[in-house]
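Sequences are here, hints too, so could you generate the full structure?
One letter stands for each residue in the lines below.
There are 2 protein chains.
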Amino acid sequence: MRALFLGFGNVGRRVAEILADRSAWPGLADLDVSVIGITTGSKGALANPAGIDLASALAEVRAHSRFSGHPDASPLTSPEAARTLDYDVLVEMTPLDLPSRGKGAIDHIRTALTRGRHAISANKGPLAWGYRELRDLARERGGAFLHEAAVMDGAPVFNLARYCLRGNVIQRIEGILNSTTNFILGALEEGTSLEAAIAQAQAIGVAEADPANDLDGWDAAVKIAALANVLLGGNLTPEEVERESLSGIGPDRIKAARERGCRIKMVCEVFREEGRIAGRIRAREIPLDDPFALVAGTGSILRLTTDLLGKIVLTEEEPDLTTTAYGVLSDLLSITLPDPAITR
Amino acid sequence: MRALFLGFGNVGRRVAEILADRSAWPGLADLDVSVIGITTGSKGALANPAGIDLASALAEVRAHSRFSGHPDASPLTSPEAARTLDYDVLVEMTPLDLPSRGKGAIDHIRTALTRGRHAISANKGPLAWGYRELRDLARERGGAFLHEAAVMDGAPVFNLARYCLRGNVIQRIEGILNSTTNFILGALEEGTSLEAAIAQAQAIGVAEADPANDLDGWDAAVKIAALANVLLGGNLTPEEVERESLSGIGPDRIKAARERGCRIKMVCEVFREEGRIAGRIRAREIPLDDPFALVAGTGSILRLTTDLLGKIVLTEEEPDLTTTAYGVLSDLLSITLPDPAITR
Numbered sequence: 009m010r011a012l013f014l015g016f017g018n019v020g021r022r023v024a025e026i027l028a029d030r031s032a033w034p035g036l037a038d039l040d041v042s043v044i045g046i047t048t049g050s051k052g053a054l055a056n057p058a059g060i061d062l063a064s065a066l067a068e069v070r071a072h073s074r075f076s077g078h079p080d081a082s083p084l085t086s087p088e089a090a091r092t093l094d095y096d097v098l099v100e101m102t103p104l105d106l107p108s109r110g111k112g113a114i115d116h117i118r119t120a121l122t123r124g125r126h127a128i129s130a131n132k133g134p135l136a137w138g139y140r141e142l143r144d145l146a147r148e149r150g151g152a153f154l155h156e157a158a159v160m161d162g163a164p165v166f167n168l169a170r171y172c173l174r175g176n177v178i179q180r181i182e183g184i185l186n187s188t189t190n191f192i193l194g195a196l197e198e199g200t201s202l203e204a205a206i207a208q209a210q211a212i213g214v215a216e217a218d219p220a221n222d223l224d225g226w227d228a229a230v231k232i233a234a235l236a237n238v239l240l241g242g243n244l245t246p247e248e249v250e251r252e253s254l255s256g257i258g259p260d261r262i263k264a265a266r267e268r269g270c271r272i273k274m275v276c277e278v279f280r281e282e283g284r285i286a287g288r289i290r291a292r293e294i295p296l297d298d299p300f301a302l303v304a305g306t307g308s309i310l311r312l313t314t315d316l317l318g319k320i321v322l323t324e325e326e327p328d329l330t331t332t333a334y335g336v337l338s339d340l341l342s343i344t345l346p347d348p349a350i351t352r
Numbered sequence: 009m010r011a012l013f014l015g016f017g018n019v020g021r022r023v024a025e026i027l028a029d030r031s032a033w034p035g036l037a038d039l040d041v042s043v044i045g046i047t048t049g050s051k052g053a054l055a056n057p058a059g060i061d062l063a064s065a066l067a068e069v070r071a072h073s074r075f076s077g078h079p080d081a082s083p084l085t086s087p088e089a090a091r092t093l094d095y096d097v098l099v100e101m102t103p104l105d106l107p108s109r110g111k112g113a114i115d116h117i118r119t120a121l122t123r124g125r126h127a128i129s130a131n132k133g134p135l136a137w138g139y140r141e142l143r144d145l146a147r148e149r150g151g152a153f154l155h156e157a158a159v160m161d162g163a164p165v166f167n168l169a170r171y172c173l174r175g176n177v178i179q180r181i182e183g184i185l186n187s188t189t190n191f192i193l194g195a196l197e198e199g200t201s202l203e204a205a206i207a208q209a210q211a212i213g214v215a216e217a218d219p220a221n222d223l224d225g226w227d228a229a230v231k232i233a234a235l236a237n238v239l240l241g242g243n244l245t246p247e248e249v250e251r252e253s254l255s256g257i258g259p260d261r262i263k264a265a266r267e268r269g270c271r272i273k274m275v276c277e278v279f280r281e282e283g284r285i286a287g288r289i290r291a292r293e294i295p296l297d298d299p300f301a302l303v304a305g306t307g308s309i310l311r312l313t314t315d316l317l318g319k320i321v322l323t324e325e326e327p328d329l330t331t332t333a334y335g336v337l338s339d340l341l342s343i344t345l346p347d348p349a350i351t352r
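Quick note, the sequences are listed as chains Y and Z, same order.
In this note's numbering, each number is its position in the first sequence, counted from 1, plus 8.
In this note's numbering, each number is its position in the second sequence, counted from 1, plus 8.
Be aware that one or more of the hints could be misleading.
Since the list gives no way to pick one copy over another, a pair counts as held whenever it fits inside one copy or between any two copies.
To be verified - Simulated pairs of lysine to any residue, SDA-like, Cα-Cα distance not exceeding 20 Å:
#	residue 1	residue 2
1	LYS319	THR330
2	LYS263	ARG292
3	LYS319	ILE294
4	LYS111	ALA204
5	LYS319	TRP33
6	LYS319	PRO34
7	LYS51	LEU296
8	LYS319	GLY305
9	LYS263	SER201
10	LYS319	ARG143
11	LYS319	ALA32
12	LYS51	ASP80
13	LYS319	THR306
14	LYS263	GLU141
15	LYS319	LEU329
16	LYS263	GLN179
17	LYS263	HIS72
FYI, nobody ran anything at the bench for these hints, they're computed from the structure.
Right, dumping it as structure tokens:
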């Protein structure tokens, strides 16, 4: 299986590290992937139809922050690579560009699927702004469009729905899916000011230099739209998601919640309303005996309410980069290995 | 798809009610199941190769606690029905018989699989005492052996492992899987005596008339062995599981735990030890910020620790009979409908 990697940030590099050190992961013994291209926005690109040596690619980026000295260095951009290289699966791991509504990533995936290739997206933009088109295109051309790492890191959100909830109607989804706001809420509870909490989050890498997209709920809105579209068959864009900004949550509200035995959490919700699928993010008072109250650090949680199975909750505890990389690897496994049929 | 039901207790009847009222469950529209036999230990049996009318079977049992007045009444025993009726899938829902180490249920399933038919088990005994043989027999004869309802009601424990954790090595499993002891621990925390707590549990149907199998950890030990054998490839019997009895947990221990900010929970554990798979159930002090501390009522929880994905937790909240029945229905769906391939 020949893979083209678009993007070589934290997730792309961790996927490459794991693939380069396959013997450390016994469950990946049968995963046969050869990376024939890696493109980036600022580090240059690599291409080699015989397969790139991932250890040397990683070493090159570590040493020089660029691929330019590598023997497989290439002038290809991501769109060019998606259009021209001979890969079986395109792995979209570029950063989400909110102003363009994920256009770059959507274009890359559309190109791959149009060519009848498979596409994996660790980028949630294509699920929020292009899901229906891309899913239909994949079906029409016979490729797979998988995206396990796009929401909740590598936790098997989409595989759970695909394989483990058959026969159910999902009625409602609730989740805590944005680590930045969750971390900051924890700091606010301990009496830290919003400014200091943001600085703390930035210091440990939980918040970006410009935290506005997290604070104002844009990151969560993109995830809500992704879940609504994939799991409930909606056609929701992040712009249509009702958002509440963390900036409006003052110490008084946190204190009042605590006095009622609750904690404030920013909760993502997807639900059916008047025959359509709607989504919102809002600050909710969560009682301390609800597992949503316990989500801390970079952890996340998702509750699915269904007609037959009832309520199940999936919690991801202390995820790290390997967890997110696993989302991409599980999609690669889904594509390269046969479906796990019940008679095997 | 022709199904033979062995057992018509709470779960069997709920499955039948749902199948008889298909229009209430939109996700089951494509589930094409005709029940051609129902056998029980004390209610008699029904058989009709053209399909039993489930509504009338349910009405008959409700009115007379027996099938004898039904037009499809039959003298068949479960072993005879398993051996002679022409079904596609045998659904084993008889009560677990601990003294015989699940022999009756294992025999029924062995008969079906030997005939090249599929088998579904809501009974955990066959996973604890016969898994390896039955799994190998299913593979050899081309049938499926599914058992989603056997542990944690209908929560997708086995489907999660089969479909959503590919590539991972499961290193450890922890769970709260016995509602009786969990309910009683909750009552003990509130100062109720053990005797009164047991009586309360019996009054609401959480404990059986003879609660010894729950209190002494046998129910949990059977579940631990089932998880060890299916999810970790072990070959563990319930007798080999280290057990701690709830009867040894006095009010002092509960109070001491609370003073340390913890609650006592009976935790099932499966882990690797000296190259083999081991299991135990023990009373553990759980800090209040661990979701295990929150499991109440008939809820249950499972934490899987893996090498790639890290730690994920599956929680089932407020399950009812429909939840357990869904475990059986999801297995019927797996057998009757094609696998959910990634390119569909």
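| Intra- versus inter-copy proximity for ARG143 and LYS319 (alpha-carbon distance at most 20 Å) | neither (27 Å within a copy, 30 Å between copies)
| task | Could you place LYS263 and ARG292 in one of the four classes (within, between, both, neither) given a Cα distance threshold of 20 Å? | result | within (13 Å within a copy, 32 Å between copies)
| query | Is the C-alpha distance from LYS51 to ASP80 at most 20 Å within one copy, between copies, in both cases, or in neither? | reply | This pair counts as within: shortest intra-copy Cα distance 13 Å, inter-copy 74 Å.
| For the identical chains here, do LYS263 and GLN179 meet the 20 Å Cα criterion within one copy, between copies, both, or neither? | This pair counts as neither: shortest intra-copy Cα distance 32 Å, inter-copy 40 Å.
| request: Could you figure out if LYS319 and ILE294 sit no more than 20 Å apart (CA to CA) within one copy, between two copies, both or neither? | output: within (17 Å within a copy, 23 Å between copies)
| message | As a check of your reading, is LYS319 near THR330 (CA-CA no more than 20 Å) within one copy, between copies, both or neither? | response | between (28 Å within a copy, 11 Å between copies)
| task | Go through the copies and call it for LYS111 and ALA204: within, between, both or neither, with a Cα cutoff of 20 Å. | result | So LYS111 and ALA204 fail the 20 Å test inside a copy (34 Å) and across (64 Å) alike.
| Under a CA distance limit of 20 Å, which applies to LYS319 and LEU329: within one copy, between copies, both, or neither? | Between copies, since 13 Å is at most 20 Å while 29 Å is not.
| said: Treating 20 Å as the Cα threshold, decide for LYS263 and SER201: within, between, both or neither. | reply: within (13 Å within a copy, 37 Å between copies)
| request: With 20 Å as the alpha-carbon cut-off, assign the pair LYS319 and PRO34 to within, between, both or neither. | output: between (34 Å within a copy, 18 Å between copies)
| message | I want to check one pair: LYS319 and TRP33. Are their C-alpha atoms no more than 20 Å apart within a copy, between two copies, both, or neither? | response | between (33 Å within a copy, 16 Å between copies)
| field | Within, between, both or neither, where LYS51 and LEU296 count as close if Cα-Cα is 20 Å or less | value | neither (46 Å within a copy, 46 Å between copies)
Hints 4, 7, 10, 14, 16 and 17 from the list above are not met by this structure, while the remaining hints are.
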